[in-house]
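From first to last, the protein sequence lines stand for chains A and B.
Under numbering that gives the first Met the number 0, read the first sequence as residues 0 to 249, first letter to last.
Under numbering that gives the first Met the number 0, read the second sequence as residues 0 to 249, first letter to last.
Keep in mind the hints are simulated off the structure, nothing from the lab.
Built from N, CA and C at the ideal position, the CB exists for glycine as well.
Treat the hints with care, since some could be wrong.
Only part of the chain A face toward chain B is listed, based on derived beta-carbon distances under 10 Å [what the hints assert, rightly or not]:
hint : residue
1    : Arg30
2    : Leu148
3    : Leu215
Ranges of calculated distance between the beta carbons of each label pair, as one might list FRET restraints [claimed, not checked]:
hint : chain 1 : residue 1 : chain 2 : residue 2 : range
4    : B       : Ser97     : A       : Asn203    : 41 to 49 Å
5    : A       : Ser97     : B       : Asp72     : 34 to 42 Å
6    : B       : Lys88     : A       : Thr221    : 39 to 47 Å
Protein chains: 2
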Amino acid sequence: MDVKAKLENVTLVLSRPKYPGNVGSVARCARNFGIDRIMVVGSNSLDPEAMKQMSTHFAADIVEKIIYSKDLDEALSPFRHIVGTTARKGSARGPFLSPRDAAPHLAEMSANNTIAMLFGPEDAGLTNEEIRRCHTVVTIPTADAFRSLNLSHAAMILCYELFVCSAETPQAFTPAQATSRELEGMFGQIKELLLEIGFLNPENPDYWMTHLRRLLFRIRLTSREVKIIRGICRQLSWYLDQKNPDRKNA
Amino acid sequence: MDVKAKLENVTLVLSRPKYPGNVGSVARCARNFGIDRIMVVGSNSLDPEAMKQMSTHFAADIVEKIIYSKDLDEALSPFRHIVGTTARKGSARGPFLSPRDAAPHLAEMSANNTIAMLFGPEDAGLTNEEIRRCHTVVTIPTADAFRSLNLSHAAMILCYELFVCSAETPQAFTPAQATSRELEGMFGQIKELLLEIGFLNPENPDYWMTHLRRLLFRIRLTSREVKIIRGICRQLSWYLDQKNPDRKNA
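Taking the hints into account, I'd like the entire structure generated from these sequences.
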């Protein structure tokens, strides 16, 4: 079975986890569903023994190989698809998929693309800023509007759905997506231009940028397409320079 | 929605659990999926505070209302259907269903029948004798033949599958997509601008436009999103006018 091969491209990225036991539990979940890699961002002082107590010996090697990072941007930049899980459904945070609805697409993509499954800290979850980094935002359905899932239980559901779906999905070819670094570079360039031409309000540039990001995430851009869009932006910038020689000094 | 009503008939029965934290975690899972009742069989001395620490206040009342029983026969006797979960697939223990395959039947049945979902102790799981009491035996699929699931994670998957299956109603909401007319208007506007700024070759403007159209079709834009993109184009056009008053007469 090639399930193993597919999920090798999946990394669980835990942003600012508070309790080492939860990280250990996540490692155990990961192992059960053929995922070997965990990154921890913004929490450097988690007790390894407390993690291993919950990972059990069965997943202790995953705990030992955890990659620690201080900066989320840096941590996410090599990935070609980022899935965030959130319970809070603010209007700026969606659109939201259920894990089951997201799984087929993720399973297909994971064959040829590195995927980060991103989880926020136990108490507050992912911030709006973190959610904006995600190509796909998933919400686990629960009985009540106010939900309170343990971090490792949320990870369990995501890993489980992806695993079950991967085991059923025949390998389809999905072209390599642009990396998060490529996309963020493009967004930065677009934002700068839209500020300059007065489309974005400098007081709150992220309002329309969030819509645009969402729209562009949905296209699943390839590296080449990112280059096309950046080429348009560069050309526009060049053209504005021609028309307005004082522009760069403004 | 009648999900709540259906799952009111479901009780999680934990046979000989060793760690109070796990029982608390199970209570939290139960609450998230609309299940309010837990029975604990053969473990009378679990520390309530340790349980509540893991249940959180969110499910503390479930912990308080746990029914303790010494005898499994007695505990199971009122239920109309018993589902056991096991990782060990001895020949005398099956036939085994996946949680997903078992869920539709259980969801349907739970409307009018009390159901016990039975879990064994953390280390050894359900005995052959306990498995024999089960109408349905479920095994959670994992990556390796040797699996090691935390008790509360196993309960999480079972509750989740039953909940999702119970909640499933034909309510697929797809937002209205932009009409072809709206899209073509947008493409025309984009093409004009890209010609003006020199991104498109006037000899063969459709070369890059075809790439862009394909890319934009893939997003399945809504009418509102078409308006956003056209607003950007209009703003850009206005800005170019400011910089180059002769533009329109050119």
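Status of each hint after checking the structure:
| no. | hint | result |
| --- | --- | --- |
| 1 | Arg30 | 7 Å, holds |
| 2 | Leu148 | 6 Å, holds |
| 3 | Leu215 | 8 Å, holds |
| 4 | B/Ser97 x A/Asn203: 41 to 49 Å | 48 Å, holds |
| 5 | A/Ser97 x B/Asp72: 34 to 42 Å | 39 Å, holds |
| 6 | B/Lys88 x A/Thr221: 39 to 47 Å | 44 Å, holds |
Hint compliance for this structure: no hint is broken.
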